[in-house]
Amino acid sequence: MSYRQIFYHIIFGTKHRRPTIDETNCRELYQYISGIIKNKNCKLYRINGVEDHIHIFSDLHPSLSLADYVKDIKVASSLWMKECGKFPKFEAWQEGYGAFTYSTREKDMIINYIKNQKEHHKKETSHDEFKRLLIENKIEFEEKYLS
9 MSYRQIFYHI IFGTKHRRPT IDETNCRELY QYISGIIKNK NCKLYRINGV
59 EDHIHIFSDL HPSLSLADYV KDIKVASSLW MKECGKFPKF EAWQEGYGAF
109 TYSTREKDMI INYIKNQKEH HKKETSHDEF KRLLIENKIE FEEKYLS
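Mapping of the sequence shown onto my numbering: position 86 corresponds to residue 94, and the numbering continues sequentially without gaps.
Careful, some of the hints might be misleading.
As the list claims (entries may be wrong) - Here are the simulated SDA-like cross-link-like pairs (lysine to any residue), alpha carbons at most 20 Å apart as the crow flies:
1. 48 x 88
2. 97 x 59
3. 123 x 16
4. 23 x 138
5. 97 x 84
6. 90 x 54
7. 130 x 120
8. 146 x 108
9. 48 x 109
10. 51 x 117
11. 51 x 114
12. 130 x 26
13. 51 x 112
14. 79 x 117
15. 97 x 33
16. 46 x 35
17. 123 x 109
18. 23 x 38
19. 139 x 129
20. 115 x 130
21. 139 x 26
22. 123 x 134
23. 139 x 103
24. 23 x 114
25. 46 x 12
26. 51 x 26
27. 131 x 118
28. 51 x 12
29. 46 x 87
30. 51 x 71
31. 139 x 153
32. 97 x 112
In short, the hints are calculated from the structure, not lab data.
Keep in mind it's a predicted model, so treat the numbers as computed, not measured.
Kindly generate the complete structure, drawing on both the sequences and the hints.
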């Protein structure tokens, strides 16, 4: 038997960070993504977002690579969003994503951070939030790729 505890805080946005995730239907989107995560044998701890990006806090099953996990979530949810008709302005997800690891001690803090996204974004833009997280996690980046 193998044991693991790999917590990831994953963030990805809509194409060109356009506000295309309608708040009235976002819960259905989160439920759909929750089903994808469950089918991957991963555990979702929290999902939330605003009109131009989402945050996912989950573990990662050891049989999966992070890149494939995020790709599968983005591809399946993108198809669903286009087919269901509830997100008429949605074109696609942006190409990249951010993924940050956290320890058990930080778990509740990250869950609460994601839970309060709508309140948080009254004070900080999505761009500034993502840039701050990259800096806090000491990840080198080029500004031109953050849009």
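The hints, checked one at a time:
| no. | hint | verdict |
| --- | --- | --- |
| 1 | 48 x 88 | 17 Å, holds |
| 2 | 97 x 59 | 11 Å, holds |
| 3 | 123 x 16 | 15 Å, holds |
| 4 | 23 x 138 | 15 Å, holds |
| 5 | 97 x 84 | 17 Å, holds |
| 6 | 90 x 54 | 24 Å, violated |
| 7 | 130 x 120 | 16 Å, holds |
| 8 | 146 x 108 | 10 Å, holds |
| 9 | 48 x 109 | 18 Å, holds |
| 10 | 51 x 117 | 17 Å, holds |
| 11 | 51 x 114 | 16 Å, holds |
| 12 | 130 x 26 | 17 Å, holds |
| 13 | 51 x 112 | 14 Å, holds |
| 14 | 79 x 117 | 26 Å, violated |
| 15 | 97 x 33 | 13 Å, holds |
| 16 | 46 x 35 | 16 Å, holds |
| 17 | 123 x 109 | 18 Å, holds |
| 18 | 23 x 38 | 18 Å, holds |
| 19 | 139 x 129 | 14 Å, holds |
| 20 | 115 x 130 | 23 Å, violated |
| 21 | 139 x 26 | 17 Å, holds |
| 22 | 123 x 134 | 15 Å, holds |
| 23 | 139 x 103 | 16 Å, holds |
| 24 | 23 x 114 | 30 Å, violated |
| 25 | 46 x 12 | 16 Å, holds |
| 26 | 51 x 26 | 29 Å, violated |
| 27 | 131 x 118 | 18 Å, holds |
| 28 | 51 x 12 | 12 Å, holds |
| 29 | 46 x 87 | 18 Å, holds |
| 30 | 51 x 71 | 14 Å, holds |
| 31 | 139 x 153 | 11 Å, holds |
| 32 | 97 x 112 | 38 Å, violated |
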